[in-house]
Amino acid sequence: MFADYAALIVLLPVIAFVLTLFLGKKLYSGGALIPIAAIAGSFIISAGIFLEIYPDRMVQQSMPWFAGMNIGILIDPLAVVMLMMVSFVSLLIHIYAVGYMSHDPAKPRYFAETSLFTAAMLGVVLSDNILQFFISWELVGLCSFLLIGFWYHKPSAAAAAKKAFLVTRIGDVLFLAGIVVLYFNMTEIITKGSFSIEHGNFILQFKTMFEAIPHIAPAQLTLITLLFFGGAVGKSGQFPLHGWLPDAMEGPTTVSALIHAATMVTAGVYLVARTFPMFVAAPDALLVVAYVGGFTALFAATMGLVMNDIKRVLAYSTVSQLGYMMLALGTAGAVVGAKAVGISMFHLLSHAFFKALLFLSAGSVIHAMGTNDIREMGGLSNKMKITSTVMMIAALALAGIGIPYLDIGTAGFFSKDAIIEGAFEYGEIKGDMIPYVFSIIAALLTSIYIFRLWFMTFTGKPRSQRHPHESPGVMTIPLMILAVFALLFGFLKEGFYVYLEKNFELMEVVIPVHEGEPFHPSVIVVLLPVIVGVLGFVIAYLIYNKRILNMSKIISSGNPLYKLLYNRYYEPKIGADIIGVKLTHDVAAQSGEFVDRKIIDGMIIDNIISNTIFKFGEMIRKLQTGVVQNYASVTLLGIGLLIILLRIGVI
Amino acid sequence: MSLYTYLLIAAVIFTVGAYGIITQRSGIKILMCIELMLNAANINLVAFSSFNGNSSGQVFALFSIAIAAAEAAIGFAILVALFRVRDTINLDNIDILRW
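Residue numbers (the working numbering), protein chains in the order written: chain F, 1 to 651; chain Z, 1001 to 1099.
Chain Z on its own, in the form it takes in the complex:
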């Protein structure tokens, strides 16, 4: 498999994530889509690292995964708290700070 294949897969995953963010209304789905986009970037990092014989890209990917885990934990915690207060996680209804 060539580098190109990996990059193509990553681009497809990224596009799926971006599409999801724009079209979905549910907070959980949006979070999942963000994870998809992050992992697309990770795939790119690992692919370049492997093909260039330089392992620092893989270290970046590990950091990125750890940060993504923390970010997901915070995001879901917010959504749980929000659900307890408002009984919904539909982001269209969460707009009290709007004009």
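Extracted from the complex, chain F is given alone in its bound form:
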């Protein structure tokens, strides 16, 4: 019954977008209630569909569009868990935003844009073909641009929005190129006759794509998947296109929570998970996914260590955790097949809960303090009990603290350890331990930076003369709900894996599993992630709470390593100044301008076309003397001529 209304999942927030944009000014809190109601509706329909299709069915609806393509809805296990997560987290963030944005005059615009954003993200999730996926994907990018630049009068926000748009654009172009290559290959194998589309299916549907995998040349398949992964790298902030995500913290904190933690950036991971059968068929691409993901996890965590902006630490944490998700798809995908999707998506979901919680707690702190800089905070735990508690829960979840073998722990404990163990298993089987080493060091750094953040913010003496207060209930209640999820979500692990593993079987796609003994990790492998998590906690405690270890020698601008990290590996310089300004603007744009102005405009248009017309005009304009008498004489002459011609019978 709910499945009949699947399209409403996307349409409700779209309607809310239009209504809020035009009518929001006159309504309570800038019309916030319309998107809240709409997204609640989306969540209810998603949950209803989940109950209907659990455990082994899916919803498929499609209608023809143009040129053999279609618009449609595909809600399989993968999509339905994403739908529920996106709509649920988005709902909580919208409620929270009523409190957080209460002082902002541009509320209608804010709520309209977040509503459209949610619609676009839900559209990505339930697309049943890659073209529709791409369109929603671009809409998500647009909304992210609008929301990062929400305070567009701040030059830094405008610049960050531009950067996010341009950097993700690089990925989007690759993604589009991948679709084009895929389409080309599909039409080729169809005309050759080795593959035909079943009746009722369409050319760019995921189902058809998966069926065509054995017929596409392996090299082409690797190219397609790598191009898709390029799109995912841009959207999910993987190295080397990670730079936009920390800068995107210029938007309101709720936007950071919504877009840059819980939903939008996971679109890239979702893309890889969605087209996972293609990646499995292209092992080289899978290897790239594993390495880029593992490297990003470590690389971003190192920068998280030294940032002083509370949101920026969390942003690097997001980049790092997204790296973990990619790593899971890349490594586990090579050894455990379809289960990798479950492992990765489980981390995606648990990350969405605890990262949204971290961001919203950070928002609560920023709301109270009026600054982002953790050096100006300190001692807040007395004043903000709820915020500090829930943020501690989120930090424990992010660090993956739990008790192995008893299976008690936070959401991150279950989800992240599975990834690290998957990386170890991959290393055992393939003899390549590098991804595992990346992931375990990143886990240590993750724990250090997040507890550093917590201790700097909430313990010690206040380091500035402000009077913080706990946030209102409309903000703390979503925090508590998210905290419950960050604590308890992990216990769904086994059921979740079993449910998601069936995802591709439903589409009759077979994903090969590595043959051999079932893998039993040794004690040290199981314990190590938790050990490094606790170790990180202890290190942060000693340095930033007890202040026993004096780090001032190391944490100073004299230390080249610190300088390198603090300047973010000079990525803004390399990315913006060298590639952006020097290469793109000075070289490419200037030479383009030279060709346009001097050659096309200057030589062809000016010299040939416009000059000829101009000279001809110059010649004949003299006929218009401007003397009325001349005109009258010519008119009379003409009439006389006409009469004479009539008389002699020529006409």
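Please keep in mind that the hints were generated in silico from the structure rather than gathered at the bench. In this text the structure is predicted, and so the values were computed from the model without any measurement. Glycine included, C-beta positions come from ideal geometry on N, C-alpha and C. Treat the hints loosely; a few may be bogus.
Interface residues of chain Z toward chain F, partial, derived using beta-carbon atoms under 8 Å [said to hold, decoys possible]:
no.	residue
1	Ile-1030
2	Asp-1092
3	Leu-1097
4	Arg-1098
With chain F's structure known, arrange chain Z on it following the hints.
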């Protein structure tokens, strides 16, 4: 008097008007010449109407006179406005829109 006489008079008046338009430089004189040409046409209308025993031509002439009056009013208003701005109504000097 025959129809021919009327047509001849009308043709003479028309020719005087046309000549005036071509040779005169003053805006007022040109307007007057246009009126002459219009009235030459009116004479033709009335003459044909009278000789053919059909009164519709005279109705045409009445319309034509009314329109000519309106046209003259506009024309003179333009000339008055022009004179205030440029201190002349010599049409040879009114040529700012020319090349």
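(request) With chain F as the partner, please determine if Leu-1097(Z) meets the hint condition of a C-beta pair closer than 8 Å. (result) holds (7 Å)
(message) Using the nearest Cβ pair, does Arg-1098(Z) come within less than 8 Å of chain F?
(response) holds (3 Å)
(request) Double-check Asp-1092(Z) for me: the hint is only fine if its C-beta lies closer than 8 Å to a C-beta in chain F. (result) holds (7 Å)
(request) Identify whether the interface hint at Ile-1030(Z) stands, where standing means a beta carbon of chain F within less than 8 Å of its own. (result) holds (7 Å)
Every hint, counting from the list given before, is met by this structure.
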